[in-house]
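> Chain A is fixed; fit chain B with the ligands onto it per the hints.
If you want the building blocks of each chain, they are given just below.
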Amino acid sequence: MAVTGIILVLFLIAHMLGNLKIFTGETSFDHYAHWLRDIGTPLLPTTWFLWIQRTVLTVAVLGHIGAATLLAMRSRAARPVRYAHRRKIHVNYAARTMRWGGVIILLFVIYHILDLTTGHLNPKGDPANPYGNVVADFAPERWYVTLFYTLALVTLGFHLRHGAFSAFRSLGQQTPKGERRARIAALVFAVALVGGYLLVPFAVITGLVS
Amino acid sequence: MNLTLRIWRQHGPEDKGRMVTYPVQDVSPDMSFLEMLDVLNERLILDGEEPVAFDHDCREGICGMCSLMINGEAHGPQRGTTACQLHMRQFSDGDTIDIEPWRARAFPVVKDLVVNRNAFDQIIAAGGYVTAPTGSAPEAHSVPVPKADADAAFESAACIGCGACVAACPNGSGMLFTAAKITQLSLLPQGQPERYTRVIGMVDAHDEAGFGGCTNIGECAAACPKGIPLNTIGRLNRDYLKATAKRAGS
Ligand code: HEM
Ligand code: SF4
Ligand code: FES
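Chains as they are written, first to last, in the working numbering: chain A, 1 to 210; chain B, 211 to 460.
Isolated chain A, as found in the complex:
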C-alpha cells in the first residue's frame, strides 16, 4: 500500500509541477509536452521513457488497488455480523473514505486520460497542441468539466491526506510528537498538491490563461 502509493505520489508531484508550465505560455507548454516524449533520447528511442513510466504507473495502480481490495476483503470477513446500532466516535472523514474515494479517483483518472492524453473526450483533441486542448477543456461554457475536475481533486486531497499520514505510520513513525507532525505534513502536502492542480482549470475559466 505505502510503496505503490509513494510511486503514485511521486508521479502526482511531477505531473502537478509540469502542469504549472501552462503559465509560461503556449510554446513553452507544448514544447514541454513534446519533450516528455523525448526524455532519455538518444539513449532510448523516442517515447520509450514515457512508456516505461506508464508501465510503472500501471503496475503501481494495479498493485495499489490489489492491496486495497485485500484489506477491504479482510475487513469484511473480520466482522461477519454487523452492528444494529453503530456510532462513530472518532471523526476522520479522510480515513473512512479511502476505499470509495480511491474508486472515484480511478474513474477520474480514466476520464482524464481519455480527455487530455488520447483526446477522445476533449472538444479539440489535437495531440500536437496540448495547450489548446487544456484551454478548450476548461472554457467557461464547459464549467461542468471544471466542476468535475475540482470534485475529483478534492477527493484526491482527502485520499492523500490520510494516505500520506498512513504511509508515515506504515514506515515506522512512532512517537506522539511525530504523529502530530505527520498529520500536519500530510495536510499541508495534500492542500499544496490539490491547490497546484486546481490553479490550471481556474486560470483558464477566469481567462488568465487563454
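Calculated from the structure, these hints are not laboratory results. Misleading hints may appear alongside valid ones.
Only pairs whose alpha carbons sit at most 25 Å apart, straight line, appear in this in silico DSS-like list of lysine-lysine [stated by the list, open to error]:
no., chain 1, residue 1, chain 2, residue 2
1, A, K177, B, K357
2, A, K177, A, K21
3, B, K452, A, K177
4, B, K357, B, K452
5, B, K226, B, K321
Positioned in the frame of chain A, the structure of chain B with the ligands alone reads:
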C-alpha cells in the same frame, strides 16, 4: 429513571440471535450500567425468563471482562471508562439504549452479550511474554531505563485486554491490543532478547485469528477505556519492519 433496553439475545453459538426490547423502571442514576442489567436480570428470573448473559468480573475497570457495545459505542458514551464504571447518570429518563456484543469473527458470541476472546490469548501465547525467568525485581538503579521509555511502556501495560479496540474498529482489527502487548515489553530491557521474534509471532497470530488489517483510522484509540494511544501501532510497525529486514538479512 425509566428506560427501554434493546438487547441482543442469542441462545448459543449456533442460534441466529435477535434484538429484544425490555422496559426497566426505577433505575437510579447512581447505579452502574451493570447494576442496571442486574436489576433487569432479577426481574427476568422472577418472571421465569432466561436472564441476559453478560461478562463481568472486577466491576472496577481493571479486569477487562465487561464488553458491551452501548448505543453503538464500545463501553458506552463516556471516554476512558469501561462499561462497569459507566454510571446511569450518563443517560436520561426515557432513553432507549441498544446493547450488543462485540462484533468480530475472531470473537464469536457464546451467548447473548458474552463473546469468546480466546483469540487475544492466542496472540499473547505467540510471544507476549519473556521466556527466561528474570527472578525477583532487580535493584532499580542497576539497569537505567530512560524516563520516556518507562512511561510509554507503562502506558501500554495499562491495556486490560477488553477488546473494545476490535469492537470499535471499522476493519475489525486488533492492532491496538497487539501493539500495546508488544510495546510494554519492547521498550524495556527484559523484552530485548525476543523483541523481533515476538513482533513477527504476535502479528502473525493476530492475522491468523481472523482480525482485519489496520488502516490507521483511529477508532480504537478513541474507544479504548485505558487511553492506549494510536502511535503505539507505529511502534509496532517500526519493530515489524526491523524484524522483517533482520529476517531477510539472515
Ligand atoms: C481504485 C483506486 C484506488 C483505491 C481503491 C485506493 C484505495 C486506497 C486504500 C484502501 C489505501 C489505504 C489507506 C490506509 O492505509 O489507510 C490507499 C492509500 C493510498 N493511496 Fe489509494 N486508492 C486508489 C487509487 C489511488 C490513486 C489513483 C492514488 C494516487 C494518484 C492513490 C494514492 C494513495 C496513497 C499515496 C496512499 C497511501 C499509502 C499508504 O497507505 O501507505 N490511490 N488507497
Ligand atoms: S488496547 Fe484498549 S481497547 Fe484494546 S484491549 Fe487493550 S484496553 Fe481494551
Ligand atoms: S468488569 Fe472488570 S473491567 Fe469491567
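> Now look at each hint and say whether the structure bears it out.
Evaluation of the provided hints:
1. A:K177 to B:K357: Holds, because 16 Å separates the two Cα atoms, which is no more than 25 Å.
2. A:K177 to A:K21: 37 Å, violated
3. B:K452 to A:K177: 21 Å, holds
4. B:K357 to B:K452: With Cα atoms ~23 Å apart, B:K357 and B:K452 stay inside 25 Å; holds.
5. B:K226 to B:K321: Given pair B:K226, B:K321 holds - Cα atoms ~11 Å apart, limit 25 Å.
Checked against the numbered hints given earlier, this structure breaks only hint 2.
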